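2 protein chains.
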Amino acid sequence: MSNDKQFVKEITPQSEDFSRWYIDTIKKADLMSYSPVRGCIVFKPDGYELWENIQKELDRRFKETGHRNAYFPLFIPESFFQKEKEHVEGFNPELPFVTEAGGEKLEERLAIRPTSETMVGHMYAEWIQSYRDLPLLINQWANVVRWEKRTMPFLRTSEFLWQEGHTAHEDEADARKETMQMLEIYRDFAENYLAIPVIMGQKTPSEKFAGAVDTFSIEAMMKDGKAVQAGTSHYLGTNFAVAFDIKFLDRENQQQFCHTTSWGVSTRLIGALIMVHGDDRGLALPPKIAPTQVVMIPIGPAKTREQVNARVRELYAELKKAGVRVMVDDDPSQSPGWKFNEYEMRGVPVRVELGPRDMDNGQVVLVSRITGEKRIVAQDRFVEEVQKLLTETHQEMYDRAKRFRDDHMAQVDTIEDLKSFLEQKRGFVYAGWCGSNACEAQVKEETGATSRNIPFEPEVHKSTCLACGEAAKHTVVFGRAY
Amino acid sequence: MSNDKQFVKEITPQSEDFSRWYIDTIKKADLMSYSPVRGCIVFKPDGYELWENIQKELDRRFKETGHRNAYFPLFIPESFFQKEKEHVEGFNPELPFVTEAGGEKLEERLAIRPTSETMVGHMYAEWIQSYRDLPLLINQWANVVRWEKRTMPFLRTSEFLWQEGHTAHEDEADARKETMQMLEIYRDFAENYLAIPVIMGQKTPSEKFAGAVDTFSIEAMMKDGKAVQAGTSHYLGTNFAVAFDIKFLDRENQQQFCHTTSWGVSTRLIGALIMVHGDDRGLALPPKIAPTQVVMIPIGPAKTREQVNARVRELYAELKKAGVRVMVDDDPSQSPGWKFNEYEMRGVPVRVELGPRDMDNGQVVLVSRITGEKRIVAQDRFVEEVQKLLTETHQEMYDRAKRFRDDHMAQVDTIEDLKSFLEQKRGFVYAGWCGSNACEAQVKEETGATSRNIPFEPEVHKSTCLACGEAAKHTVVFGRAY
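Protein chains in written order, with this note's numbering: chain S, 1012 to 1493; chain V, 1012 to 1493.
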């Protein structure tokens, strides 16, 4: 599969044009292709494999917390969207509609799901009768479609892949506990699996999910200082329960509306992963998600090749046995230098080199993708040294991303401050906010920055609103976002 | 999730009304719900879990044979279907079209994929340049839509889940090898995982995939004698390569068209699984796919409960440690008899009973779902005896299904023979066929039976065509089908 890759000769440096760097990188690493359908991409095997690893890891965490998977229809009758007022306003502009099928015009137009609260709500009303049916904890892995005006591979595509959890509970307390539990799973997953530090917090009313009472998010900073909302968890109150009549007989034999939640992450995580860790050499994948964690490259002249390759194969077998995802590239038609560049561009966390001199000395060379550090280690400590370097690499990547974010956060008192911050430096700011939609809208209009969230643990507390100067109700993180 | 289950009081006996038995069974076992969208079902957790197990097992087999997963868009421009003449004729009547999106009428209508040969063909033309890019071995797990007139849960739904493999090769020989390899993977999977015996063979021209040169299938017999096509593998020749311009520079530096294949199985396998193994007590799941392989039920009076439960927990831990999917039901509010029925209805392959007398004797009782046989075994041989019974259960279920099929296969010489066979007995027949479409169509019209396939290994060879009486070209399996 050569075309997309060959399309990019050199990766544009990040400092020159970050967007071009991103596209060059994902093309050259062969992660995706543009498709002939507007705003839809093809996930090529190297890109899709990242999603498979995300799925595997999250699915395990969902199941450990008692959730089960199900599958709901792609099509949603148009009338369903009318039942929840905010929901229809939020999603209607982005809906594609099926109007004909099997050669006939449909009586009711069918929307392609942008999210499934309405369909799930309809079914839950049928399934839930009693408190004994609660909590109902279901997740779905699915494709969804939102007809976006501006798209960007992985980060914003018309069709994307995601998971959407939908749960129903006896009361607010239990539903809120679930909402927070899932947000915490997303935070833990982002930080400890993807090595992406995130800011946890609550969305402002104007940025919350259409139909939610409260929306919570994890927000990540890309290397161009822009934000990616990396996961959201919504407490929906009884909004969808009332709209779809999801009722149950409680322990006192009274009819009650359920309290529901929903939560999701999508293939945009792949985009975030690339923009947080990548550099001018291309992709840099954190070890836990990297499909290939270690690439082994034999070096040296032709006359020692056989002997070196044999030893590489032995070490490979040891590593494989220890559960490390490792490959060997002993293709004699490519130079070691070419291979070094290739696997750096593909983001393989650790490279192993072995040549005749290393053979003589009973050693092997480990090279870190992210730091470039070379470690000469004894062959009889090979497996543990590789594992150690992988563990350190995860931590190093997280620390670097965290340091970058900390270096690109400021606090501002006024919209003018925010403007000059965004002119001089990329990043997020902490600012006070009075709580009015008007002030938030003014910030957006004048600076292009939106409220990311109201962080649970802000590093500073601001006392006045950056827009109107009145007393601040919250300290908010603002930033430009994808 | 009580509603669907409570809906069914008693499962209708198979002999009374097989279709009602089927619907009763899948409702009572809580596998699905009807959705508000015509012909689309909701896969509830207990149903979806069967699909998850199918996915896990097949995905492993695909990857072991060098395939990788990717993801192509849901939407396919209408014009793509025009490019392959047979393909458009076969699929156009079943296509739903998106005509509006984001509040605007689309310039070109977008079909919802019924299968992805066209989109894949378009992309492969872009990706493949040289013989070095071949073979290209890709699979996709996805939802597809075919606007069916008559639907049946799992077996035929407007939207369904499936995998579709798409591969491109240098020449016919390599593509045909792939086609056969994947068919063999399906056969092995059906027989050794699902315990469903299948007939491998080639589809007649009128039953082949629209756009294929040759289609091969595995066909299974349900307990009502009807057929389910359980998997297909297509050699597409250069049909799609010519239509979409999938060319490569060969080893002699000449431009050549690729030879392509596609192959798939879908959620209809869940329907087949139920109709092959289920009985009047409900589901019967083969051990390898059963989400719960063993249910443990403590019995006896309240006064020994604590002691018995403690021992059950110990034995449970042993079984779990050995990798068996086991659960305990020690709910004191339900009687053992109720539980026995419940888990039989749900198809759990093995039940374990432990009571005070068993405690005294150091023994435990194993009960087979499929045969009803009770085995009293020593507790210190518990794990191995359970594993043995699970292995035997798989074999027993396969053997029963095979015996049923053999008992319901006949050979016929004429259409009249076939008619009277179908009136007296359910099942498949072997018959000679001259090779003409007209004769095949006549059989279908007069009997409702279609050619299932031309088996690779027919048990008999017939010399004359059942319709025209001329010399037979092939021995064909005919049967009514879902």
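Honestly, the hints are just simulated from the structure, not real lab data. What you are looking at is a predicted structure, and each value in this text was computed from that prediction instead of being measured. Where hints are given, some of them may not hold.
Unchecked claim - Computed list of chain V residues with no C-beta within reach of chain S, every gap over 10 Å:
id, residue
1, Asn1080
2, Val1156
3, Lys1314
4, Leu1330
To be verified - Derived Cβ-Cβ restraints for the label pairs, each shown as a range:
id, chain 1, residue 1, chain 2, residue 2, range
5, V, Glu1395, S, Gly1334, 26 to 32 Å
6, V, Glu1100, S, Lys1074, 43 to 49 Å
7, V, Glu1325, S, Met1163, 32 to 38 Å
8, V, Ser1346, S, Pro1216, 50 to 56 Å
9, V, Ser1141, S, Arg1386, 35 to 41 Å
10, V, Gln1266, S, Glu1027, 50 to 56 Å
11, V, Arg1322, S, Pro1216, 52 to 58 Å
12, V, Ser1090, S, Glu1159, 21 to 27 Å
13, V, Arg1322, S, Arg1386, 22 to 28 Å
14, S, Ala1333, V, Glu1395, 28 to 34 Å
15, V, Gln1266, S, Asp1070, 21 to 27 Å
What the hints assert, rightly or not - Cut-off 27 Å, straight-line C-alpha distance, at most; resulting in silico cross-link-like pairs (DSS-like, lysine-lysine):
id, chain 1, residue 1, chain 2, residue 2
16, V, Lys1067, S, Lys1350
17, S, Lys1332, V, Lys1385
18, S, Lys1332, V, Lys1067
19, V, Lys1237, V, Lys1258
Cβ atoms here follow ideal geometry from the backbone N, Cα and C, with glycine treated the same way.
Against the structure, the hints:
{"no.": "1", "hint": "Asn1080", "result": "violated (5 Å)"}
{"no.": "2", "hint": "Val1156", "result": "violated (7 Å)"}
{"no.": "3", "hint": "Lys1314", "result": "holds (28 Å)"}
{"no.": "4", "hint": "Leu1330", "result": "holds (20 Å)"}
{"no.": "5", "hint": "Glu1395/V with Gly1334/S: 26 to 32 Å", "result": "holds (28 Å)"}
{"no.": "6", "hint": "Glu1100/V with Lys1074/S: 43 to 49 Å", "result": "holds (44 Å)"}
{"no.": "7", "hint": "Glu1325/V with Met1163/S: 32 to 38 Å", "result": "violated (56 Å)"}
{"no.": "8", "hint": "Ser1346/V with Pro1216/S: 50 to 56 Å", "result": "holds (53 Å)"}
{"no.": "9", "hint": "Ser1141/V with Arg1386/S: 35 to 41 Å", "result": "holds (38 Å)"}
{"no.": "10", "hint": "Gln1266/V with Glu1027/S: 50 to 56 Å", "result": "violated (38 Å)"}
{"no.": "11", "hint": "Arg1322/V with Pro1216/S: 52 to 58 Å", "result": "holds (57 Å)"}
{"no.": "12", "hint": "Ser1090/V with Glu1159/S: 21 to 27 Å", "result": "holds (23 Å)"}
{"no.": "13", "hint": "Arg1322/V with Arg1386/S: 22 to 28 Å", "result": "violated (53 Å)"}
{"no.": "14", "hint": "Ala1333/S with Glu1395/V: 28 to 34 Å", "result": "holds (30 Å)"}
{"no.": "15", "hint": "Gln1266/V with Asp1070/S: 21 to 27 Å", "result": "violated (44 Å)"}
{"no.": "16", "hint": "Lys1067/V with Lys1350/S", "result": "violated (33 Å)"}
{"no.": "17", "hint": "Lys1332/S with Lys1385/V", "result": "violated (42 Å)"}
{"no.": "18", "hint": "Lys1332/S with Lys1067/V", "result": "holds (22 Å)"}
{"no.": "19", "hint": "Lys1237/V with Lys1258/V", "result": "violated (42 Å)"}
Comparing the model with each numbered hint stated earlier shows that hints 1, 2, 7, 10, 13, 15, 16, 17, 19 do not hold.
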